[in-house]
Structure formats: structure tokens, C-alpha cells
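Number of protein chains: 2
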Amino acid sequence: MNYPKGVKQVNNNSYIRYDNRGMGLESDINLTNQYYVDKGIAYIYKKPTPIQVTKVDYKNSGMVIKEAFFKEPSTTDYNGLYNGMYIDFEAKETNNATAFPLANIHMHQIEHIRHVIDNGGIGFVIVRFTKLNKTYILLGRDLVDFVDKKERKSIPIDYFATNGYIIKDGFIPRLDYLSIIKDVLGGCADGKKEKNY
Amino acid sequence: MNYPKGVKQVNNNSYIRYDNRGMGLESDINLTNQYYVDKGIAYIYKKPTPIQVTKVDYKNSGMVIKEAFFKEPSTTDYNGLYNGMYIDFEAKETNNATAFPLANIHMHQIEHIRHVIDNGGIGFVIVRFTKLNKTYILLGRDLVDFVDKKERKSIPIDYFATNGYIIKDGFIPRLDYLSIIKDVLGGCADGKKEKNY
Numbered sequence: 022m023n024y025p026k027g028v029k030q031v032n033n034n035s036y037i038r039y040d041n042r043g044m045g046l047e048s049d050i051n052l053t054n055q056y057y058v059d060k061g062i063a064y065i066y067k068k069p070t071p072i073q074v075t076k077v078d079y080k081n082s083g084m085v086i087k088e089a090f091f092k093e094p095s096t097t098d099y100n101g102l103y104n105g106m107y108i109d110f111e112a113k114e115t116n117n118a119t120a121f122p123l124a125n126i127h128m129h130q131i132e133h134i135r136h137v138i139d140n141g142g143i144g145f146v147i148v149r150f151t152k153l154n155k156t157y158i159l160l161g162r163d164l165v166d167f168v169d170k171k172e173r174k175s176i177p178i179d180y181f182a183t184n185g186y187i188i189k190d191g192f193i194p195r196l197d198y199l200s201i202i203k204d205v206l207g208g209c210a211d212g213k214k215e216k217n218y
Numbered sequence: 022m023n024y025p026k027g028v029k030q031v032n033n034n035s036y037i038r039y040d041n042r043g044m045g046l047e048s049d050i051n052l053t054n055q056y057y058v059d060k061g062i063a064y065i066y067k068k069p070t071p072i073q074v075t076k077v078d079y080k081n082s083g084m085v086i087k088e089a090f091f092k093e094p095s096t097t098d099y100n101g102l103y104n105g106m107y108i109d110f111e112a113k114e115t116n117n118a119t120a121f122p123l124a125n126i127h128m129h130q131i132e133h134i135r136h137v138i139d140n141g142g143i144g145f146v147i148v149r150f151t152k153l154n155k156t157y158i159l160l161g162r163d164l165v166d167f168v169d170k171k172e173r174k175s176i177p178i179d180y181f182a183t184n185g186y187i188i189k190d191g192f193i194p195r196l197d198y199l200s201i202i203k204d205v206l207g208g209c210a211d212g213k214k215e216k217n218y
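So the sequences go chain by chain: Z and L. What the first sequence shows, in the numbering used here, is residues 22 to 218, in sequence order. What the second sequence shows, in the numbering used here, is residues 22 to 218, in sequence order.
Hints are not guaranteed to be accurate.
Unchecked claim - Take a look, some chain L residues computed to stay more than 10 Å from chain Z by CB distance: (1) 106; (2) 116; (3) 162.
What the hints assert, rightly or not - PhoX-like, lysine-lysine: derived pairs with alpha carbons at most 25 Å apart: (4) L:68 - Z:87; (5) L:68 - Z:113; (6) Z:87 - L:92; (7) L:174 - L:155; (8) Z:68 - L:113; (9) L:67 - Z:68; (10) L:68 - Z:67; (11) L:80 - Z:67; (12) Z:170 - Z:113; (13) Z:80 - L:92; (14) L:87 - Z:87; (15) L:155 - Z:67; (16) Z:76 - L:189; (17) Z:87 - L:174; (18) L:68 - Z:68; (19) Z:92 - Z:113; (20) Z:67 - L:76; (21) Z:92 - L:92; (22) L:80 - Z:92; (23) Z:92 - L:68; (24) Z:152 - Z:174.
Please keep in mind that the hints were generated in silico from the structure rather than gathered at the bench. Glycine residues also receive a C-beta, built at the ideal position from the N, C-alpha and C atoms.
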């Protein structure tokens, strides 16, 4: 059973959601995004988790949702702006040391990234191989190319090493992924680019 | 009591959420966005409603959220891409025939629009005066300018007439707001622009 990020079992039948747990890739990205905003470098934010609400009660203290369901995400976790460019990405961790299983990304999310790059945005995934302590950016075009071939159900780490870009860990910012994007775009800062990513 | 869009009271103490009700501004925008995607014109999508989940139960059929709360939105309802440009907007209807009360937009949403335009994106609000059957675009810069003056708690319709742009109703697409954005940007289709909106 895969629980959404931040949901933790507290007994046999009850679960509590802890946000801002301060660990892992998501936390690194959130801290980095805050750094980007503070420095005026970029504005990247996390989208809400999609939830289907089916029942709501009204109490004195306000409205309480009494029944709802996590929906399959149709877009990615993060998007925003960097030097006028549209940035959009999904971030995933895997314990697998040799490959990234595509089951970790929903088909709707891959189609979302395809729409993003087809419409002139910068789409990518950030994948952390936790056992290897390596974090890669794989650009949307390379992700979509791999998926379209339908040859394998996971992306080998060699594919990341060949087509992706390592993001070095840092202190401040924690995970400077936009420096990679800047380099990939040839360091242009005015939003112009020659091809789709 | 203001319920989120699509939440309807069914008895004294129970509320049910109906999505896709097929009415009003939100429906017009969703249909228009689908048209834009189908025609390859743009990719604009609705963000999920932000919800704080506090209790989750596990049943045979899957996970069920048993307690959650609607959070105050920190971003806007819609964003996406048009000709490589970052598009971001909030859509609101008002029954007020003379002004748009600023209480309808959260301060976090206005700050979000400020971030968007400061980082080179196109931010705006779409406001429909239902009694007048008029729908306006007001660009982010004009919205932020008005709010920063702190003179009034609502934006008079004259301000929309002077600084905004009427969106004509249509059949297909229902509400062609991007044609306004294209005109405002001087018809440039390559994402270049001279100033912040």
C-alpha cells in the first residue's frame, strides 16, 4: 500500500497526515524554492494535493470535510517561473539502486509534462536514488522519449547518467536544480530558447 | 457563509460537493481551456483546491479521508502556457453591479499574482459581473496597483471599464480570454514582451 506523502499509520485503521516533516527530497526542494523566492531568483511553488470531497459537515467552528478521497494526480507537484520561463516538474525518490520504476509516475503526469514542453515550457523530473545518494534531473523530452518507446517499465540509472544531469547537494541552497536548468538552456537569462525541453 | 465552489447544502447539517455543475464562469473557462488544448492553442489547467487532511481511514476499498479542512488558497485557480508564456489567473463572479469587493480575493492570491508578474509571467483576474452580464480581464499590474493604494475595499466597475478588457461571450470557444491577452501583448507570438503584466 502506497500512502501519499506525509500520511502515517497510527493504528490498525487510522492514519494521520503530517506536513512539513522536514525530511527528504520534498523538504530539500521546498527549502530551495524558498531560497529562490527570498533571493528574487525564481518563483516556484508546490501545487495542492488533488482531493475529491464527497461530504462536508458544518459545525460552529466552521466547515469540516467528513468524507473525501485522494485523486490520482493529473499534473505535477511543482511549477512556477524562472527568468520569465515556465518551469514544471515532478519530484520522486526511489529505493531502487539500479533503475527508476515508471509505476512511480502516473501516465497523466507524463502527459502533463508532454503538454508543457509542446507549449514551450520547461518540464522535467527530479529523481533521487536514495541508496546511491544521487539526485538527477531528467528533462521532459528525454522522459517522454523513453516512455514512448514502451520497451521497459523502469528507467535504468545508466539512462539518467547518459541523458540526465546530477544535482549536487548543497547547504544553501540545498538542491540548486535551477543552476542545471540555466546551464542546459545555455545560460540565457531572457527566456529565449531554441528547442523544446 | 461562503461555501467553496460546488459545495451545496443538502440539509441543516450536511453538504455535498458537486463538481462539473456545468454552469457559470468556472464552467465557461474549463470549456474554453479544453478548446485551447484540443486546438493546440494553449495549455491552461485548474489547480486542485487546497485541503488540509487531518484523519484518514483505511477500508477494503481503499483509503478514505475522514476529516479534513478547506485551506485558504495561497495561489490562483488557473495557470499554464500560451505560446511559451507563463499564464496565471483567478476567476471570480460577483452579484454586485457597481464594484468588485476585494474580500473575494485572498491577500495570498494577490501576493501570488505579484510574484508571477515580478518573475516575468502574465498574471490577471477574470471578473464576471453576473447582473450586468459583463466579464472583464484586469491585468495583474492594474490589480496590484489598485490594492497597493489601499484606498478602497472594492474595485469600482469604472476601474474595470478604464483599465480592464471586456471578454465577449461566444459559442466556441465560450470565453476567448487568450485573444485579449494576445492583443494586450501586441500580437507577439514568440513570448517576448517589453514590460511586466
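Verification of the hints:
| no. | hint | in the structure |
| --- | --- | --- |
| 1 | 106 | violated (7 Å) |
| 2 | 116 | holds (21 Å) |
| 3 | 162 | holds (15 Å) |
| 4 | L:68 - Z:87 | holds (22 Å) |
| 5 | L:68 - Z:113 | holds (20 Å) |
| 6 | Z:87 - L:92 | holds (15 Å) |
| 7 | L:174 - L:155 | holds (21 Å) |
| 8 | Z:68 - L:113 | holds (20 Å) |
| 9 | L:67 - Z:68 | holds (10 Å) |
| 10 | L:68 - Z:67 | holds (10 Å) |
| 11 | L:80 - Z:67 | violated (29 Å) |
| 12 | Z:170 - Z:113 | holds (21 Å) |
| 13 | Z:80 - L:92 | holds (16 Å) |
| 14 | L:87 - Z:87 | holds (5 Å) |
| 15 | L:155 - Z:67 | violated (33 Å) |
| 16 | Z:76 - L:189 | violated (36 Å) |
| 17 | Z:87 - L:174 | violated (34 Å) |
| 18 | L:68 - Z:68 | holds (7 Å) |
| 19 | Z:92 - Z:113 | holds (18 Å) |
| 20 | Z:67 - L:76 | holds (22 Å) |
| 21 | Z:92 - L:92 | holds (17 Å) |
| 22 | L:80 - Z:92 | holds (16 Å) |
| 23 | Z:92 - L:68 | holds (13 Å) |
| 24 | Z:152 - Z:174 | holds (20 Å) |
When the structure is compared with the earlier hints, violations turn up for hints 1, 11, 15, 16 and 17 and for no others.
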